[in-house]
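> Chains as they are written, first to last, in the numbering used here: chain A, 1 to 443; chain B, 1 to 248.
Accuracy of the hints is not assured; some may be wrong.
Straight-line Cα separation of at most 16 Å, EDC-like style, residue types lysine to aspartate or glutamate; simulated pairs [said to hold, decoys possible]:
hint, chain 1, residue 1, chain 2, residue 2
1, A, LYS377, A, GLU399
2, A, LYS291, A, GLU148
3, A, LYS346, A, GLU316
4, B, LYS201, A, ASP9
5, B, LYS82, B, ASP56
6, A, LYS241, A, GLU287
7, B, LYS36, A, GLU399
8, B, LYS26, A, GLU94
9, A, LYS305, A, GLU373
10, B, LYS201, A, GLU287
11, A, LYS32, A, GLU148
12, A, LYS424, A, GLU35
A few chain A residues facing chain B, derived, Cβ under 10 Å [as the list claims (entries may be wrong)]:
hint, residue
13, PHE74
14, LYS77
15, ALA244
The hints are simulated quantities; they were obtained by calculation from the structure and are not laboratory data.
We put the CB at the ideal spot given by N, CA and C, even for glycine.
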Amino acid sequence: MHWYEMKLDGRGHTSSALSQVCRPDRAADVPKYLEQVGKNGIIARGSGSSYADQAVNVDGAVMMTGRLDCIRSFDEKTGELICEPGVTLKTITELYGPRGFMLATATRSGQHTLGGAIAANIVGQNGHKRTSLAKSVNWIDVVLANGETVRAGNSENADLFKAVIGGQGLIGVIVLISITLLKRPEENVVVERRRLSDLNELMESLKTARKTADFCTVWIDTSARSDAVGRCILTTASFTKDPATEPLFSFPKIKLPLPYPVLYFTSLPLFKNLRYRLSFSLGKKVEPYEKFLYPSDHVHLLSQKGVYQLQASFSEAEGPQAIRRILTELSQTRVSACRAVLVMTKEDTLSYLGSAQRGYTLVLDFIRRKGLEDFLKHLITVAGEHNGRVSVQDDALLEPRNLVLMYKHLEEFVKARETYDPQKKFDSNFGRRLFSKEKKNEQ
Amino acid sequence: MNNKRTWIILGGTGVIGRAFAREAAKNGHDVILLGKSDEDLTRAADDVRARYADVDVLTTELDTSNLDSFSKTVEQCETAAKNIISVFSALETAYTQKECGRDLGKIKNMFQINYFTQVYFLSAMAPVLQKQSCGEIIVLGSAAGEYGMPDNYAFGSTKAALHIWLQGFQAQMAQSHVSVTTVKIDDWDTVGERKIGLYQKPLDPQACAESCMAYAQKGAKIRYFPWYTALTVPFRRCQPYLNRQSHK
């Protein structure tokens with residue numbers, strides 16, 4: 001059993017820390033590693049896809065679960081897959097896609113490990129049809145702070161199940177997962193991309209898309225001003241029996257590094273304007289489902305400046321107003337986001353820390369610069385005023401008081417943590433930022 | 001490698017062994033996993049079966065403490081194999097220099113696993129491969145066997161001994177058209193006490209397995225993984241001398 005001293009950070013490079021790192025090869029080794037944990041506890045880390053400090057633990061320990069990647073069994077009749085947490089979503093798609101199965105949630109990246117995706121309770125491009133990936137989880141085996149392995153599901157240890165899902169690893173380490181893969185209705189999807197001129201048109205289109213489309217995602221031009229606020233490119237997709245159309249030319253699928261200058265360029269109004277006006281891929285096309293999946297995997301953030309992500313979910317009633325207010329503030333203050341995406345979501349009742357509401361989730365990425373933190377804290381307040389919930393999965397700036405206002409099941413989560421991990425053996429920078437008692441008292 | 005193979009995988013329960021088993025199965029080859037623990041073997045075999053339902057996966061326990069039992073294990077493998085036999089060895093145990101300092105038995109243990117077990121097994125396997133006059137042997141070496149570092153030179157010496165033995169074995173097997181490929185991997189996770197920087201990525205076992213398969217297909221003799229290790233090794237070899245100079 002080896003421990004290493006290693007510097008780790010989040011995907012957004014905004015938070016890094018030197019930690020003691022272990023990489024267990026077998027689930028049976030997990031309790032042995034837990035016995036050796038000292039100050040500041042330990043946090044499980046999958047692919048490290050969280051933007052901020054969720055899987056970072058300064059002066060503490062980090063357990064990288066990527067090597068717990070065995071698939072135990074797959075039942076072709078029921079679609080039940082039993083596997084370890086280190087299996088990536090892309091691997092599952094590659095293995096079982098050709099056999100006619102698919103994951104219930106179409107996330108933007110396939111690099112997430114299954115354990116990480118459950119612990120972060122990630123939502124996909126079909127969030128309006130399926131709440132999150134955790135919805136299709138039958139049960140999970142969790143190693144608790146005392147080294148005991150406990151099975152949790154909707155029917156047994158439901159409180160533990162609800163706390164672990166979306167719990168950012170603060171309750172225990174997931175070592176085995178049973179998940180149901182869905183039968184894929186068709187091999188291909190018809191993808192339609194449309195340019196929409198303002199927020200009103202977008203909201204009208206989304207109402208229709210909620211009923212008709214299987215997948216829906218919106219790229220928003222955050223530089224648009226006054227009447228054009230909310231102008232965007234709407235992408236909808238639905239399964240189809242039609243054969244896939246071969247494009248005359250397609251870019252090779254390579255992972256593009258995004259160093260700071262390139263990332264900065266994508267945040268410029270000029271780039272957004274050009275992207276909105278000169279988008280070449282508008283219209284309808286039929287393509288294989290696998291090709292449509294995981295668009296974010298072709299981009300690799302290299303910017304050492306750091307990228308903050310703000311992910312806020314609003315109800316259908318308050319959403320349009322809140323989104324308009326946030327986008328207007330962005331265009332007025334000229335704080336341009338390098339990425340702005342809107343997806344439709346369903347109410348998340350699966351987890352205590354589930355952020356999704358039946359409505360809209362706005363995802364904004366910003367390059368770190370002077371004064372940005374204050375502005376983002378202001379946006380969090382704006383989201384709170386519109387009864388929005390800022391997702392904890394990629395957040396770097398939430399404060400305990402925001403959490404109390406936004407999450408109605410917070411107390412249950414804290415209680416579950418007290419029950420299953422009273423000594424706070426599982427902890428991270430994120431955990432200390434939002435759940436440490438000292439901080440709450442300061443507030 | 002046009003024909004279907006049966007890959008015998010030493011250390012089939014380890015992370016790279018498992019990754020190679022998946023890679024072999026992905027390419028349609030059958031797999032025989034050798035390992036110490038029956039429980040781990042079952043887990044690794046189930047993994048391959050769940051991923052690729054149409055390949056045969058067998059498991060055999062390997063008692064590394066009893067080198068004389070290998071001829072029987074080889075016989076079992078030969079009987080079970082339906083295709084041309086090839087061998088992949090990812091058997092390895094590693095301790096830091098501090099651990100070795102506290103307990104010299106750990107050095108003996110490393111030589112037993114990293115050197116003697118592989119040498120004995122491959123020697124027992126050699127007549128089988130020579131008889132079929134084709135096949136591939138891939139053995140995982142280590143960049144640590146190229147130069148002595150203060151934190152892992154005992155481990156490095158076991159790998160250095162293996163590298164030398166493999167060079168001779170390679171020449172011997174080449175006469176029977178059996179290729180022997182040594183893949184020297186540079187994985188910070190193996191052993192050591194160095195601090196790992198923010199942009200040092202851990203070794204990707206799947207990528208390593210894919211590369212090993214590609215090297216074997218080309219009949220390569222010695223390769224480094226990741227490839228750029230080949231460029232850094234000469235500089236790292238100079239490091240002790242540079243340190244000595246600065247000490248003077």
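> All hints are to be evaluated individually against the structure, with a verdict given for each.
Now for the hints, and whether the structure bears them out:
At roughly 9 Å between alpha-carbon atoms, LYS377/A and GLU399/A fall within 16 Å of each other, so this suggested pair holds. This hinted pair does not check out: LYS291/A and GLU148/A have alpha carbons roughly 41 Å apart, beyond 16 Å. About 10 Å separates the Cα atoms of LYS346/A and GLU316/A, which keeps this hinted pair within 16 Å; it holds. Taken as a hint, the LYS201/B and ASP9/A pair is honoured in the structure, with Cα atoms around 12 Å apart against an allowance of 16 Å.
A threshold of 16 Å between alpha carbons decides the hint, and for LYS82/B with ASP56/B the separation of about 9 Å falls inside it, so the pair holds. With a C-alpha separation of about 11 Å, the suggested pairing of LYS241/A with GLU287/A holds against the 16 Å cut-off. The suggested pairing of LYS36/B with GLU399/A is violated, with an alpha-carbon distance near 50 Å, which exceeds 16 Å. With a CA separation close to 11 Å, the supplied pair LYS26/B and GLU94/A stays within the 16 Å bound.
Proposed proximity of LYS305/A and GLU373/A is supported: the alpha carbons are some 13 Å apart, at most 16 Å. For the suggested pair LYS201/B and GLU287/A, the alpha carbons sit about 34 Å apart, so the restraint of at most 16 Å is broken. In summary, the hint linking LYS32/A to GLU148/A is supported, as the alpha carbons are separated by about 11 Å, within the 16 Å threshold. Annotation: proposed proximity of LYS424/A to GLU35/A holds, straight-line Cα distance about 13 Å (limit 16 Å).
At a threshold of 10 Å, the smallest CB-CB gap from PHE74/A to chain B is about 5 Å, leaving the interface hint in force. A least Cβ separation of about 13 Å between LYS77/A and chain B goes past the 10 Å threshold, and the interface hint is therefore violated. Given hint, ALA244/A at the interface with chain B, is violated; its Cβ is 24 Å from that chain's nearest Cβ, farther than 10 Å.
The structure fails to meet hints 2, 7, 10, 14, 15 from the earlier list, while all remaining hints are met.
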